[in-house]
Amino acid sequence: MTSSATPVSRRPAPEQAGPRTAPAPRGGGPARVSRRRRARTGWFFASPALLTITAVTVFPVLFSLLLSFADVRLEYGGFRILSLTGDHYAAVLSSPEWRQALFFTFGFTAVTVLLELVLGTAAALVLERLGAARGWVLAVLLLPWALINVVAAQLWGYLYNGTYGGLTWLFQQILGHQPDILGQPASAMGAMVVVDVWKTTPFVAIVVLAGLMLIPGDVYEAAEIDGAGTWTTFWKVTLPQLRPIMAIAVLFRILQAFGIFDLPFVLTQGGPGTATESLAILGYKTLFQNLAIGRGAAVATTTAVIVISCCLLFLRVFKTQADEGGRA
Amino acid sequence: MALSRRTLLASGLAAGAGLTSGCAGKPLDTLLTQAAQVPRTPATLTWWVSEIPSRNGPVVADLIIRAFERRHPHIHVRKSNALSTTDSNRAAVTTQLAGASPTPDVYLGDTTWPAQFGANSLALPLQKLLPEDFWTGYPAALRRVSEYRGAVYALPFFTDSAFLYYRKDLLAKHGRPVPRTWEELLRTARTIQRAGDAPYGFLWQGSVSESLTCNVAEFLADAEAPVLDGEGRVALNGPGAERAFAMMREFTETGVTPSTVATYVEADSQDAFTGGRGVFLRNWSYAWGNAADRAVSKVAGRVGVAPRPGFDGGGPRGVSCAGGWSNFVNPNSSHLGAAVAFARFCAGEEAQMILLKNAGVIPALEDVLTRPEARAVGDPTLTGVRELHLVARPVQTPYYPQVSKALYTRANAVIGGRATPVQALRAARADIRTALEGKAL
Numbered sequence: 000m001t002s003s004a005t006p007v008s009r010r011p012a013p014e015q016a017g018p019r020t021a022p023a024p025r026g027g028g029p030a031r032v033s034r035r036r037r038a039r040t041g042w043f044f045a046s047p048a049l050l051t052i053t054a055v056t057v058f059p060v061l062f063s064l065l066l067s068f069a070d071v072r073l074e075y076g077g078f079r080i081l082s083l084t085g086d087h088y089a090a091v092l093s094s095p096e097w098r099q100a101l102f103f104t105f106g107f108t109a110v111t112v113l114l115e116l117v118l119g120t121a122a123a124l125v126l127e128r129l130g131a132a133r134g135w136v137l138a139v140l141l142l143p144w145a146l147i148n149v150v151a152a153q154l155w156g157y158l159y160n161g162t163y164g165g166l167t168w169l170f171q172q173i174l175g176h177q178p179d180i181l182g183q184p185a186s187a188m189g190a191m192v193v194v195d196v197w198k199t200t201p202f203v204a205i206v207v208l209a210g211l212m213l214i215p216g217d218v219y220e221a222a223e224i225d226g227a228g229t230w231t232t233f234w235k236v237t238l239p240q241l242r243p244i245m246a247i248a249v250l251f252r253i254l255q256a257f258g259i260f261d262l263p264f265v266l267t268q269g270g271p272g273t274a275t276e277s278l279a280i281l282g283y284k285t286l287f288q289n290l291a292i293g294r295g296a297a298v299a300t301t302t303a304v305i306v307i308s309c310c311l312l313f314l315r316v317f318k319t320q321a322d323e324g325g326r327a
Numbered sequence: 000m001a002l003s004r005r006t007l008l009a010s011g012l013a014a015g016a017g018l019t020s021g022c023a024g025k026p027l028d029t030l031l032t033q034a035a036q037v038p039r040t041p042a043t044l045t046w047w048v049s050e051i052p053s054r055n056g057p058v059v060a061d062l063i064i065r066a067f068e069r070r071h072p073h074i075h076v077r078k079s080n081a082l083s084t085t086d087s088n089r090a091a092v093t094t095q096l097a098g099a100s101p102t103p104d105v106y107l108g109d110t111t112w113p114a115q116f117g118a119n120s121l122a123l124p125l126q127k128l129l130p131e132d133f134w135t136g137y138p139a140a141l142r143r144v145s146e147y148r149g150a151v152y153a154l155p156f157f158t159d160s161a162f163l164y165y166r167k168d169l170l171a172k173h174g175r176p177v178p179r180t181w182e183e184l185l186r187t188a189r190t191i192q193r194a195g196d197a198p199y200g201f202l203w204q205g206s207v208s209e210s211l212t213c214n215v216a217e218f219l220a221d222a223e224a225p226v227l228d229g230e231g232r233v234a235l236n237g238p239g240a241e242r243a244f245a246m247m248r249e250f251t252e253t254g255v256t257p258s259t260v261a262t263y264v265e266a267d268s269q270d271a272f273t274g275g276r277g278v279f280l281r282n283w284s285y286a287w288g289n290a291a292d293r294a295v296s297k298v299a300g301r302v303g304v305a306p307r308p309g310f311d312g313g314g315p316r317g318v319s320c321a322g323g324w325s326n327f328v329n330p331n332s333s334h335l336g337a338a339v340a341f342a343r344f345c346a347g348e349e350a351q352m353i354l355l356k357n358a359g360v361i362p363a364l365e366d367v368l369t370r371p372e373a374r375a376v377g378d379p380t381l382t383g384v385r386e387l388h389l390v391a392r393p394v395q396t397p398y399y400p401q402v403s404k405a406l407y408t409r410a411n412a413v414i415g416g417r418a419t420p421v422q423a424l425r426a427a428r429a430d431i432r433t434a435l436e437g438k439a440l
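Protein chains in written order, with numbering that gives the first Met the number 0: chain A, 0 to 327; chain B, 0 to 440.
Just so you know, not all the hints are guaranteed correct.
Simulated coverage check for chain B against chain A, where a stretch passes if three residues somewhere in it have a Cβ under 8 Å from a Cβ of chain A [stated by the list, open to error]:
#	segment
1	133-142
2	411-417
Computed from the model, here is a short list of chain A residues facing chain B with C-beta under 8 Å [as the list claims (entries may be wrong)]:
#	residue
3	181
4	183
5	185
Keep in mind the hints are simulated off the structure, nothing from the lab. The structure presented is a predicted model; accordingly, all values stated were derived computationally and were not measured. We put the beta carbon where it would ideally sit given N, CA and C, even for glycine.
With these hints in hand, go ahead and build the complete structure from the sequences.
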């Protein structure tokens, strides 16, 4: 950044220490210099990363925000923003499609996150007790999570297929008639929850397992001396200790589940009717199929606002609980 | 040095606004002047093309490209592989086009796209570049769907027509003729199903996608019930429309069509049929190639093709949705003249003959279907297509995707037994009205 090529550390301090400068360490002046310069060098080295983040994250987000308020017209040679408007939000928030998508996305998120947390914790508790076999079991368990979402969805799509699907056949043997798994709203939603739980429980399990391994052994010893049974130990010792890490897992899952796109896209295309049309699918259809750019951006923005609010709310509730837990 | 959130927000918005103003607004006349001349200088075109079903093995798109390059040695055409379903294809190509990308120069698109693409300046209006008698060689329904507000946005390439495929052996075994009405088809299918000769009677496409809209449009046309009236307002009312919706429900209710049809796209229904599970199949003309191919079809040699039936008591028979694919020219192409030349070549006789001989699709140029070569190919859909009664979907609105969604979502509920035909029609009418006003999402 500076044009001078003089070695930094040999030079006396030309700049004066500002009032906000922290107390200098021993050796005074030169250290203060290098502090300023170091900050500048720091910015210099960080600038490529900052520019990249701005280009790939900040700019698209802000641009999408702009589009959601814009009356956009596509023209030969590109597009033009004619005026700014709030109409898109009015149209989105008042539309039955959006309400339906919100309902599905919320339900899907709540059910899958809850199931994955319970099953993942259970799996982690089992894994923790496994000795030498843990590595192998973990590897097998992680397989679904390692699969690319679309591939996993396609795989389950074959299982659910109404004509030759393995699960369809199995249900037919048990029920005596051919079930229409993806063709009816309730079973289609259920089928989608199953795939997501199958795929993402390992993620929760591994996060919780990491948390379990961090709990110091002496707390358990203390609990044992106090005469706590297995259940009491789990509820009063393990779970409170796991809370922070579980919160992280849940937060991650809420973020992912709320943006669910690939499962409904591959399995049902949002059907039957619009029963499994998530907010992400609705946004995709609005933007890329209907070319309603402003409205599509408004769907995306409202989704982002809702998921961020949910996460903040969750963190607040969690923090309150953790504080209470600390006092108890 | 720290960037406050506000600064960041403001500068981002400013940058966005700056980027968008000034990049648009090329005058159409300039573009058309460029498009009117085939350049003498070398040019490379990109052609966005999905896989064209092949009859004999060679890649059909390559044959056409080679033929074009022989005529125009200085123009080179490169293939860009498009996706297979029309909806995902549209999403992919519009992303590029709306961003003013100069590639692809020419793209193969669905016949339902012209109004939407024309209204959004994603395709070049071509009518001024065409001779007056250009359309005389192509089906009238194809011309209707390619035009929007008097402008032509797509040049014909090939058509998809819907047929009724049936199991010759099963009909012969039970002494039944090929059904001429839906009521007759129901009876025949049930007889064969009860005898245990096939688990399913009639297979078609009922998933929430454009596939179902095609089926709905055909059933409605069978019952002579229009979706829109003469002034472009929603019609979709009365006994005809109810009859069409009620028939779709009757198929699934009686088990002649499996209830899983509610999730079927073309490939699912075709797989079930070629796997020997069904008596009848509604599918596009290209399905003949697969049904007759011993490598993929268990029922090869036992399949017949007929026009779709109609309803009892008169009305049209052999109705088919006017489906198919046409070439569009990207208005941002840097080689407009070459692009138009290529799109026109694809619609012309030489390319159409290549399609006739090598592709499992129906060439758009009707004249080539009467040639001796057409009969020599031995594909009954090629010779049968002229008897069909082609109907256009209500595509002449930039809001067609929303109209289509209204139709397929509501019809899907009828098929699954979640709504009565009357309820579904009422809901679909409301949805389509909202869509036509531009108020649907």
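Against chain B, with CB atoms and a cut of 8 Å, does the hint on residue 181 (chain A) hold up? holds (5 Å)
Interface hint outcome for residue 183 (chain A) [beta carbon to chain B under 8 Å]: holds (6 Å)
For the segment 133-142 of chain B, do at least 3 residues have a Cβ located nearer than 8 Å to some Cβ of chain A? violated (count 0)
Satisfaction of the residue 185 (chain A) interface hint, Cβ to chain B closer than 8 Å: Violated, about 11 Å.
Closer than 8 Å, Cβ to Cβ, for at least three residues: run that test on the segment 411-417 of chain B against chain A and report holds or violated. holds (count 4)
Taken one by one, the earlier hints fail for this structure at numbers 1 and 5, listed in ascending order.
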